[in-house]
Amino acid sequence: MMKKNDKGFTSRVLWMLVRVLVICCIFAVMLHFDMLNFAKVCDMLSSTWFAVAVFFFLISVVFSVLRWQLLLEAVDIRPGIMMLTRLTFIGYAFSTIIPGSISGDMVKVYYIVKSVSNNKTAAAMSIVLDRVLGLFTLLLTAAIAASAVLVFGIQSFARSGQENDLWSLWCFLAISLLIFLFAFCFSFIKSSKLSKLMNWVIARIPGGHFIEKLFAALALFREKKHVIFKAVFVSLLGQIPLILGMYFIGRAAGEYRLNVVDYFFLAPVSLILNALPLTPGGLGSGEVFAESLFSIFGSTNGGEILSVFHVAFIVFSLTGFLFYAATRHDCIESVSLNKSC
1 MMKKNDKGFT
11 SRVLWMLVRV
21 LVICCIFAVM
31 LHFDMLNFAK
41 VCDMLSSTWF
51 AVAVFFFLIS
61 VVFSVLRWQL
71 LLEAVDIRPG
81 IMMLTRLTFI
91 GYAFSTIIPG
101 SISGDMVKVY
111 YIVKSVSNNK
121 TAAAMSIVLD
131 RVLGLFTLLL
141 TAAIAASAVL
151 VFGIQSFARS
161 GQENDLWSLW
171 CFLAISLLIF
181 LFAFCFSFIK
191 SSKLSKLMNW
201 VIARIPGGHF
211 IEKLFAALAL
221 FREKKHVIFK
231 AVFVSLLGQI
241 PLILGMYFIG
251 RAAGEYRLNV
261 VDYFFLAPVS
271 LILNALPLTP
281 GGLGSGEVFA
291 ESLFSIFGST
301 NGGEILSVFH
311 VAFIVFSLTG
321 FLFYAATRHD
331 CIESVSLNKS
341 C
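Each residue of the sequence shown is one higher than the one before, counting from 1 in the working numbering.
Among the hints, a few may not be true.
Claimed, not checked - As a list, the in silico EDC-like pairs of lysine to aspartate or glutamate whose alpha-carbon atoms are at most 20 Å apart:
| no. | residue 1 | residue 2 |
| --- | --- | --- |
| 1 | Lys230 | Glu73 |
| 2 | Lys230 | Asp76 |
| 3 | Lys40 | Glu255 |
| 4 | Lys224 | Asp76 |
| 5 | Lys120 | Asp105 |
| 6 | Lys120 | Asp76 |
Simulated from the structure, these hints should not be mistaken for lab results.
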């Protein structure tokens, strides 16, 4: 048994080291080919605009906490707003700082389940649904913004030869959004025959495990449709300070080619691509995607903007570790359904 455990630990450490090495290689390549300007990133971090951006990111975090609170209260779980804020920052810590397979969501699941005496499944599924709703609203915001660009600003892209790239992104967003809408609609239909058919299909498609979890989470909230709509609305409001934060980082980079409206497309798509599980916290891979994405709009600052965004959330992650150290012994143990930490 010990040998098996040792092998498992060794493989996890090796996988962690491989991912760290990949991140270092990505940044080295970007620096070598002038895709990332380290001196500019340092200047951006010392800019007043960066402080303004961090403030708006914090407002966005508040909306994220409120969204999660809505979902928990729908299943009669009330750990308190301060407790949820702490767990949110702890989640950032484990998903951003620690490389490898450790997930911030898994840490949040562990502590929120530990904090309740019943409804443990609903508590865990609230985190799955919270993540899904966040991704859904990112897709929705980006799809609406991309549609507006295609309707009102396509001439400038046609002149720059980037029209096909924009259409490809719009198709990706539209298909992803339709998949989410289908999942939402299907989960609210009560039909045993349809459920069996969909379970058979889900078991045979790529990503079926994730879709199965999504359906399970939505099924628990089947009778709480109004809560889902409220959570989506809160999440959409939370996109505004997040997008403005990215805009202010752009101002710190001296980016004047782009206006605020452009960021309603660029910020959500950058964050969706950054969320792809390629590197821990999207470090490295997110910069590459952002550099390519921003270039469609004629900007050369995509890599720098996302690098500074990562720095902001690494700061949040360090705050999360402080919360973790302060709460893991006493706060988690004392919280209950009707008692806030």
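Structure-based check of each hint:
1. Proximity of Lys230 to Glu73 is assessed by CA-CA distance (about 12 Å); at most 20 Å being required, the pair is judged to hold.
2. With a C-alpha separation of about 16 Å, the suggested pair Lys230 and Asp76 falls inside the 20 Å cut-off, and the hint holds.
3. Between Lys40 and Glu255, the direct Cα distance comes to roughly 12 Å. Compliance with the 20 Å bound is thereby established for this hinted pair.
4. Of the supplied pair hints, the one linking Lys224 and Asp76 holds, its CA atoms being roughly 12 Å apart against a limit of 20 Å.
5. For the suggested pair Lys120 and Asp105, the alpha carbons sit about 15 Å apart, so the restraint of at most 20 Å is met.
6. For the suggested pair Lys120 and Asp76, the alpha carbons sit about 11 Å apart, so the restraint of at most 20 Å is met.
In summary, the structure agrees with every hint in the numbered list given earlier.
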